[in-house]
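Put together the whole structure using the sequences plus the hints.
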Amino acid sequence: MMNYVIAGASAAGLACAEQIRKEDKDGRIILLTKEEYLPYSRPSISYYLKGKVTEKDMCLRKPSYYKSIGIEIVTGAEVTAIDRKKKTVRAGRKTYHYDKLCLCTGSKPFVPPMKNTEGKENALTFLDLASTKELKKKANKDTRAVVIGAGLIGMKAAEGLSKICKSVDVAELSERVLPSILDAKSSKSVKSYIETEGHINFHLGDTVTEAKSTGNRITSVVLKSGKELPCDLLVLAVGVRPETSLAEKAGIEVNRGIITDPGTMQTSDSDIYAAGDCAVSVDMLDGSKKIIALWVNAVRQGKAAGSQMAGGEGVTGGTFAVNAIDFYGMRICTCGLINAAGEKYSDRVIQQGDSYKRLIFEENRLVGFVLINASENAGIYTNLIENKTDVTALHGDILGTPSLMWFDKETRKSRLKGESA
Amino acid sequence: MKKVYAKEELCLNCRLCEVYCKTAHSQSKDIIKANKFESPEPVSRVTVCGDKMLSAAVNCRHCDSPKCVEACITGAMQKDKKTGIVWVDEDKCIGCMTCLAVCPFGCIKTGKFAVKCDLCRTEDEPACVKNCPNRALVYADLGGGE
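Chains A and B, in that order, are what the protein sequence lines are. Mapping of the first sequence onto our numbering: position 144 corresponds to residue 144, and the numbering continues sequentially without gaps. Mapping of the second sequence onto our numbering: position 30 corresponds to residue 30, and the numbering continues sequentially without gaps.
Just so you know, these hints were derived from the structure itself, not from any lab. There could be a bad hint or two in this list.
[As the list claims (entries may be wrong)] In silico DSS-like pairs for lysine-lysine, Cα to Cα no more than 30 Å straight-line:
no., chain 1, residue 1, chain 2, residue 2
1, A, K52, B, K81
2, A, K52, B, K79
3, A, K141, A, K50
4, B, K7, A, K25
5, A, K137, A, K120
6, A, K52, A, K141
7, A, K413, B, K109
8, A, K388, B, K7
9, B, K109, A, K185
10, A, K67, B, K82
11, A, K62, A, K22
12, A, K185, B, K112
13, B, K112, B, K2
14, B, K130, A, K409
15, B, K130, A, K413
16, A, K56, B, K112
17, B, K81, A, K22
[Claimed, not checked] Which stretches of chain B does chain A cover? Using the computed rule of at least three CB atoms under 8 Å from a CB of chain A, they are:
no., stretch
18, 23-32
19, 85-95
20, 103-117
21, 131-141
[As the list claims (entries may be wrong)] Among the chain B residues that face chain A by a calculated CB cut under 8 Å, a handful are:
no., residue
22, K3
23, T74
24, L100
Nothing here was measured: the structure is a model prediction, and the numbers come from that model. No residue lacks a Cβ here, since even glycine has one placed at the ideal position from N, Cα and C.
Here it is in structure tokens:
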């Protein structure tokens, strides 16, 4: 009987465990998480912060589920060492033997150097449920909050806090908001919408360099521009980095993230796999190596790793970025190479009222899109990207609402039958 | 499992399937109220694509390996092990619409939550099929026959 151990129990870790169980009915599956909670929806923490979901609704599966399919889940169990010779991992005082191991250790917050913020009681990160609970405890109607970073995490923290706090300021070193999912043009309109709807004050092209404090408590922050903002709560959301220290210590090949075979997710040790935010992905759209710290990617990689660990043939398929998110009712959906630059790329834009649609092409293929309040049937675009479809052969206006009728008769028939698209 | 299959050769683009789907998923269950007055406006899960020349009523395929379930960031989107129906747990759904971003058929609609076909779970036959006057929708096992 095989012994499977998985370190980390979010998107990738859970998908990995479930896939192993699908392909190996008997093996022992141990899922270790350093957190005190059963697997929950990390992206939901901002909804928890603003009170839209309860802790119970954040659980990805029912608590009884794990036992019912034979996944042994251990909370509060951070893997601190891997012994590759003995094939064991250490978590707390326990040692677990593995035949196949998967590292799904995710990301850690990146905190840039700032004077006088370390260890302060009102300087917090925003990445997991524990830090969100802390944030929720400290935020109230009199709080003047400052968020550093206008990426996905920072903006979601700002949105949640704006429903609770007296004021929210966001400082971002880059000249635009949400640079990872928005192009320059759309980020401008998103920024002004959020400013109006959320009463958030942006300080773009600027960042916090120093905090002033009384005792252990920050009272104000000083920006690079010299501005000083009163601050009762400082949220450090500059970005994340892959959590690779465990892999590095064990001598597994790491270059920014853990290096894996892009199809099988196998690392430089043939019995160890890695999936999710801690691993380097190869973007199928331009071949570039990057960290794609997004949910769908983590699940696909986890599944592929699980299948391979159980002796199956599952692989990741094409890897690319796809993300959907909303701010104050504004729906943003993006996919692929949204910041593609170079002669081989072209784009088409349509803007009407508060909706914006930008499609990015490489010759006759769609390679990316940015949709704001225009996401109807967006999955058809995603599918065109994934299948590298020649869009010149489609019947209909590609800037219109994606439709089954764009395709030829044979494709339509097979899709209406529900054959894989 | 039994699913709804659309036949483009028989579709007249009358959109009655949409009218009846909306009614079946309304609060009032009344065809007039649901389609003219109810607020929030009920959402049709089935969409007639195309024009008078060529059309088909596109509906969730309840895939074997659903991309929407794989992409769901909260565990709200699920495939029922027994019935095969892909459905949304509205208590868990936060309306992020990642499911919509990956559905290759364009079968997830935006509402307060992700909205999609549930095959009218509590009925014998889905409302769209029951009320299609020209048999362009059939409720059948694999493929729906020719």
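Which numbered hints are broken by the structure, listed smallest first?
4, 18, 21
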